[in-house]
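Participant: Knowing the structure of chain P, use the given hints to seat chain V on it.
In order, the protein sequences belong to chains P and V. Take the first sequence: its position 46, counting from 1, is numbered 46 in the working numbering, and each next residue is one higher. Take the second sequence: its position 203, counting from 1, is numbered 203 in the working numbering, and each next residue is one higher.
The set of hints was computed from the structure by calculation and includes no laboratory data. This one's a predicted model, so the numbers in the text were calculated from it and none came from an experiment. Beta carbons: idealized from backbone N, C-alpha and C, even for Gly. Each statement offered as a hint is correct.
Within a straight-line C-alpha distance of at most 20 Å, the following computed EDC-like cross-link-like pairs (lysine to aspartate or glutamate) qualify:
| no. | chain 1 | residue 1 | chain 2 | residue 2 |
| --- | --- | --- | --- | --- |
| 1 | P | Lys111 | V | Glu100 |
| 2 | P | Lys13 | P | Glu251 |
| 3 | V | Lys240 | V | Glu135 |
| 4 | P | Lys170 | V | Asp59 |
| 5 | P | Lys140 | P | Glu64 |
| 6 | P | Lys58 | P | Glu90 |
| 7 | P | Lys13 | P | Asp216 |
| 8 | P | Lys111 | V | Asp168 |
| 9 | V | Lys195 | V | Glu275 |
| 10 | P | Lys140 | V | Asp59 |
| 11 | P | Lys13 | P | Glu218 |
| 12 | V | Lys195 | V | Asp245 |
| 13 | P | Lys170 | V | Glu63 |
| 14 | P | Lys111 | P | Asp91 |
| 15 | P | Lys140 | V | Glu34 |
| 16 | P | Lys13 | P | Glu275 |
| 17 | V | Lys230 | V | Glu253 |
| 18 | V | Lys240 | V | Glu280 |
Cβ pair distances, simulated, as ranges:
| no. | chain 1 | residue 1 | chain 2 | residue 2 | range |
| --- | --- | --- | --- | --- | --- |
| 19 | V | Glu166 | P | Arg188 | 49 to 55 Å |
| 20 | V | Asp10 | P | Glu196 | 51 to 57 Å |
| 21 | V | Thr130 | P | Thr10 | 57 to 63 Å |
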Amino acid sequence: MTETRDVLLTRLKGEARQIRRNVWRALRGSGSGHAGGSCSAADLLAGLYFHRMQIRPKEPDWPERDRFVLSKGHANAALGAVLAQAGYIEDEVLDRFYGFESPFGMHPDIKVAGVEMCTGALGHGLAVGVGMALGARMQKLDFHTFVMLGDGELHEGSNWEAAMAGSHYKLSNLTAIVDRNHISQSGRVADIIDIEPLADKWRAFGWEVHEFDGHDMEQIVDIFDALPLHGERPTALIAQTVKGKGVSFAEDTYVWHSNNVNDDVYARALAELGEA
Amino acid sequence: MNTAATTTADWRTRSANQTRLAFGQALLELAVREPRTVVLSADTQDLLGIRPYIERHRDRFVEVGIAEQNAIGIAAGLATTGMRPYVCGYAPFITARSMEQVRNDVAYANQRVVIGAAASGITLGVAGGTHHAIEDLALMRSLPNMTVIVPADVDETYQATLATLEIDGPVYMRLGGRAEEPAVSDPGVPFRLGKAVQLRPGNDVAIIACGSLVEMAVRASDALQKEGIKARVINMHTIKPLDRDAILTAAAETRGIVTAEEHHLTGGLGGAVAELLSVEHPTRMRMVGMPDVFAMVGPTGQIRAKYGMSAEAIAEACRSLR
Numbered sequence: 001m002t003e004t005r006d007v008l009l010t011r012l013k014g015e016a017r018q019i020r021r022n023v024w025r026a027l028r029g030s031g032s033g034h035a036g037g038s039c040s041a042a043d044l045l046a047g048l049y050f051h052r053m054q055i056r057p058k059e060p061d062w063p064e065r066d067r068f069v070l071s072k073g074h075a076n077a078a079l080g081a082v083l084a085q086a087g088y089i090e091d092e093v094l095d096r097f098y099g100f101e102s103p104f105g106m107h108p109d110i111k112v113a114g115v116e117m118c119t120g121a122l123g124h125g126l127a128v129g130v131g132m133a134l135g136a137r138m139q140k141l142d143f144h145t146f147v148m149l150g151d152g153e154l155h156e157g158s159n160w161e162a163a164m165a166g167s168h169y170k171l172s173n174l175t176a177i178v179d180r181n182h183i184s185q186s187g188r189v190a191d192i193i194d195i196e197p198l199a200d201k202w203r204a205f206g207w208e209v210h211e212f213d214g215h216d217m218e219q220i221v222d223i224f225d226a227l228p229l230h231g232e233r234p235t236a237l238i239a240q241t242v243k244g245k246g247v248s249f250a251e252d253t254y255v256w257h258s259n260n261v262n263d264d265v266y267a268r269a270l271a272e273l274g275e276a
Numbered sequence: 001m002n003t004a005a006t007t008t009a010d011w012r013t014r015s016a017n018q019t020r021l022a023f024g025q026a027l028l029e030l031a032v033r034e035p036r037t038v039v040l041s042a043d044t045q046d047l048l049g050i051r052p053y054i055e056r057h058r059d060r061f062v063e064v065g066i067a068e069q070n071a072i073g074i075a076a077g078l079a080t081t082g083m084r085p086y087v088c089g090y091a092p093f094i095t096a097r098s099m100e101q102v103r104n105d106v107a108y109a110n111q112r113v114v115i116g117a118a119a120s121g122i123t124l125g126v127a128g129g130t131h132h133a134i135e136d137l138a139l140m141r142s143l144p145n146m147t148v149i150v151p152a153d154v155d156e157t158y159q160a161t162l163a164t165l166e167i168d169g170p171v172y173m174r175l176g177g178r179a180e181e182p183a184v185s186d187p188g189v190p191f192r193l194g195k196a197v198q199l200r201p202g203n204d205v206a207i208i209a210c211g212s213l214v215e216m217a218v219r220a221s222d223a224l225q226k227e228g229i230k231a232r233v234i235n236m237h238t239i240k241p242l243d244r245d246a247i248l249t250a251a252a253e254t255r256g257i258v259t260a261e262e263h264h265l266t267g268g269l270g271g272a273v274a275e276l277l278s279v280e281h282p283t284r285m286r287m288v289g290m291p292d293v294f295a296m297v298g299p300t301g302q303i304r305a306k307y308g309m310s311a312e313a314i315a316e317a318c319r320s321l322r
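Pulled out of the complex, with its shape left as it was, chain P reads as follows (with noise of 0.2 Å):
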């Protein structure tokens, strides 16, 4: 039974606002956390976890799985609301997120179901990424490679070795996502170091760019199925967001890149995110 897009965008859009209200409440738990950049990816998440990427949750380590690298690994409680979602992992983890001898800390971990490298330090996920594209490639495996990234963790210069590899090796098998919320820690990113023009620059490191708003779920499910964009090379997706998306008191604002999160917050939050 084929799923009308209607239908189709009506339940990606509820996972997004279920991923949203799992973040604040894994926050909660914790205590604190980084709400902005786990909101800002959100849909971005639901569209692929939920419509474009060939998994199997019941077996991880499925050897055609799509691969996800969460390079921004701080937007772990994003991440950690989709394993459960898509059940890799049990719904009560979200509820002990960052505790002792939880699976999941503030950062991703290898060793949590579906989670596929440590990520967290910054400027890593993207050579990791080349590499799963070419062991897919060298073991004549279809999967794609999908690798996240920070806007201001491209101020890291290693992820641009990795881009330089990516375009050399034709990795059509390997997107980039950036998710483009315009702020890090200490403020906006082109008041810190500005890294516009940032379509030009992955065009001219070798890769198929486009922009796109990332919380439009129409956009995102029609760029995903367009994948790749080009035969020869790696795509990258310049996903234009808004920090801490969904709730008023924490969008776009440098504040809620990491905060606490106690009762308060907490409810205030879920009352604006709605129902899931």
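Facilitator: For chain V alone, coordinates are given in the frame of chain P:
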């Protein structure tokens, strides 16, 4: 190009008594034994002698250019897909520059990545301090999950490289430079990970050495023999996991221990031995290696002698433990 596996005579000849080249020769055999072998180069194709490998296995080779961080990250990604990556690099750069990638992507994620690190110690003496690797063992040894191997000659390098097939985790293999490294191991003795090899008996003192200092330790022991001092020589080719039994036995059976390595006295083999003995069997020790300075520029042999990495210095350290 002959596509058959190399014969013993072939690889020995092509290794030219250099451990860095023996590593490259062993990769040819590995590629036959393990089809998932993949070799990465950071613009180091000749440094580790991998052109024969590349000619035969171009589809399992990745050149990343002068980008060590990228080499390690890509290797980790390859390993997650089931490939068995061997990264070829310069010891000073593939460790210090890419330390965070080695730590997080390889060691923390516990991926089967083998790092072949050539031009270690002060083998690039004339290149100056930027090109000396005298802290690499300290860096690599401090990482959980990491195996650290320092072969003493080409036979041990070849065997140890093949032995990495059985190691379920990351490996750091420390290799030499462009000078000949004298044969010191017995090719008939199989390499056993974490099991040191006794090269000379003796119960007066024990010299525990690795890499280039093993041959010097043997010469020191032979010289001391003439003075009536029986110095046991232990080739500690595996720095991690350390052969505790060999060290504790030597400490119990001799008057003292001399460690010898081409590395800072901080954090390398001497440090590892001292950490063990100070807790389990406090023992008089002397440590031969680089003092807490950056080495001067010069030919490797003269730099070694200047900072006390010589057979004479090892012998003198042994005498002081009478």
